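Using the sequences and the accompanying hints, generate a full structural model.
Sequence lines, in order, name chains V and H.
Each number in the numbering used here comes from the position in the first sequence (counting from 1) with 567 added on.
Each number in the numbering used here comes from the position in the second sequence (counting from 1) with 6 added on.
If you are wondering where the hints come from, they were derived from the structure by calculation, not from laboratory data.
Keep in mind the model is a prediction, meaning the values are calculated, not measured.
Each statement offered as a hint is correct.
Calculated pairs, SDA-like style, for lysine to any residue (alpha carbon to alpha carbon, straight line, at most 20 Å):
id, chain 1, residue 1, chain 2, residue 2
1, V, K572, H, R19
2, H, K348, H, P379
3, V, K572, H, V24
Covered by chain V, according to a simulated footprint, are these stretches of chain H (three or more residues, beta-carbon under 8 Å):
id, segment
4, 19-25
5, 30-39
6, 46-56
Cβ atoms here follow ideal geometry from the backbone N, Cα and C, with glycine treated the same way.
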Amino acid sequence: MNPEKVLFAFFILLALTLNFGFFIGEIDNPDHHNAYELFAAIVVSLIATVMKFGERTHIGAVLLASSLVADLQLLAAAIVWGVAVHVTGTGLTPSVMASIVSLSGGALLANTVSMVVVLIETNRFRR
Amino acid sequence: MNTPLSLLFQRMRLPLVVLISAYAIATAGYTLIPGYDDSGERWTMNFLDAFYVVSYTGSTIGFGEIPAEFSEAQRMWTLVCIYMTVFAWLFAIGSLVGLVRDDAFHEALGRRRLQRTIRSIRSPFYLVCGYGGAGEMLVDNLVRSGRRVVVVDHSDRAIRDLQLRDYQVLVPGFRLDASIPESLLKAGLQNRWCAGLLGLTDSDETNLKIAIAGRLLNQKVLVAARADSRATASNMASFDTGFVIRPAKEFARRVSLAVTRPHAYQLYERLSEAGARQKWESDVRLDGTWLVCGQDDFGRLLAERLHREGVDTRIIAEEGDEGDWPSGSVFGPSSEGTILEKAGVSAATGIVAAHASDAENLSTIMTALMINPDLLVIARENHRHNRQLFDEAGTHLTCSVSGTVASAVRPVLEAPTVPAFVDQALEYDEDWNRRCLERIRDRIGDERLQFWSSRISEKRTPPLAEAIDAGRTFTAGMLTLDPRNREEKMEALVLMITRDEEVITLPDEDEPLAIGDRILFCGTPHSAELIWAVAVDPDVVHYLRTGQTRLANRPWWRRAVAS
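Laid out in structure tokens, this is it:
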């Protein structure tokens with residue numbers, strides 16, 4: 568067992584699960600979506616991206632790309648949240664919440680792709 | 007292949023993860039730890055404020071306690087944050103600096119840069135493997151003739167030497183093992199501008215591998231390789247290596263020419279420019295007994311050759327059986343007086359010191375000259391830095407091994423027909439060789455020689471072909487007249503014309519040219535450029551033929567096209 572591989576898979580999976588945890592719930596209900604969960608999702612997603620740096624294989628490039636997409640989506644969600652609450656003072660209206668959650672939904676898709684790619688690679692390695 | 011960028015990312019993984027974690031922990035902490043305002047009301051930071059505080063704390067800017075005065079708990083957390091983030095930054099920056107100083111990173115960066123340089127070369131270049139004595143001389147020569155060169159050598163020192171040399175153009179040097187085909191590919195073997203591959207390393211096996219790789223990986227390049235042993239030489243010849251140079255054979259050829267045919271040797275030396283002139287008077291008597299000292303092929307091949315030419319030779323070998331060596335051979339260290347006496351040094355005309363060790367050669371020469379001061383001395387110089395010692399020891403002809411190799415390879419690279427001309431010239435008698443040398447001296451003087459060849463055809467030299475097709479006569483002599491003033495002759499000479507099966511060596515000035523002629527020129531680099539005008543400009547052809555300028559009669563737009 569390679570500890571590096573364990574850590575790698577751990578972060579990718581954690582990014583996916585945290586993302587999912589934030590995403591799940593009524594799309595426009597702020598009570599169903601925790602700010603800390605979004606924060607954790609962003610942090611883990613960033614770490615997962617860094618873990619994929621420097622992979623020179625083709626599959627590594629796909630992984631890095633999907634991870635960057637997830638980061639972008641989650642950061643966009645966080646910025647929408649921050650702007651709505653602190654800058655414009657709109658507050659977490661259902662429409663704002665819906666756009667935040669849908670952005671994180673996009674990130675969820677990217678993280679899922681990451682996970683699928685990791686599974687495929689693992690499977691190929693077994694053979 | 008490790009690219010610099012992927013290496014950078016790989017090394018920065020841990021520092022970046024640490025940095026992100028530190029920021030994440032600090033930010034999360036600020037949002038959780040409560041503060042109390044003036045009225046004692048409890049408040050906590052939102053993510054925006056928390057990240058703001060962490061950002062200016064982590065970068066050591068320190069705006070103070072924003073948005074409101076901190077509580078004791080928040081100040082404790084700030085302390086933790088300061089040390090955590092500042093050390094995370096130090097770790098990241100330290101890793102980056104360490105990477106910049108890292109040898110592997112430099113290597114990757116350097117190779118990337120060199121490969122970019124090779125891709126940017128937009129003219130034919132030669133790939134020289136092995137930057138030893140011969141390699142260095144050859145690179146010097148090629149660069150001076152305006153050719154581009156790429157060097158591959160496995161030793162760090164050779165590449166550093168190359169970088170310290172002051173060439174007018176950039177000569178990229180790769181520290182790679184030339185016996186691995188991939189190294190040759192990295193150095194640009196399959197680049198479309200690669201014109202030649204030269205295996206000049208000191209190992210026969212490596213040179214053989216280079217020659218094979220050259221033949222298989224790029225059929226268009228000219229492959230020239232050095233082969234020390236007979237087996238390697240015939241092996242290389244078996245798969246059509248463009249040019250195989252065997253130092254021992256070339257040495258034997260040079261020395262036997264110097265001994266038996268002084269004029270032919272002078273011509274040969276003038277054409278190849280190996281820097282080995284005879285220092286004896288032209289009226290000195292060269293016949294008589296010659297002693298050849300040496301154990302390896304150099305001495306043996308020379309003795310055989312001299313014997314064939316009818317020169318009385320005697321070999322002094324370190325050790326050996328009577329049966330393996332020609333009769334009359336003497337065995338023992340040639341640096342000892344008794345052995346030299348035994349070989350008859352006091353009655354001999356000359357001695358050739360052809361040992362593989364320069365110290366042995368020098369001591370042989372010194373001892374022999376002490377016994378017989380009138381002796382003619384020819385030496386094999388194995389390392390270039392011993393040249394001065396050989397001169398001081400009183401050598402009349404110092405034949406350096408690397409000079410021999412470099413000077414044999416260079417003309418072939420410039421024009422592939424040079425060896426054919428040399429072979430032809432050596433078949434003629436001494437008188438012809440003397441006249442040839444005189445003609446070169448008349449025309450070019452002692453300037454550096456360069457060879458180039460050209461072919462008269464519709465495609466290569468349209469104006470010339472047009473004139474000849476129209477039945478006008480254009481002679482070989484006209485080619486080397488100055489296109490700016492026909493009365494002046496350029497420092498160039500037509501050495502040979504190859505026409506179908508016929509070969510005309512050193513054609514007369516009034517020899518008419520025909521379509522399909524392949525012409526071998528020699529001359530100064532400057533004249534080589536001027537002669538190109540004949541190949542492209544109909545006005546120049548007309549002027550050289552008739553002496554009348556046509557340019558002034560033409561409208562300006564035609565003139566612009568012609569120039």
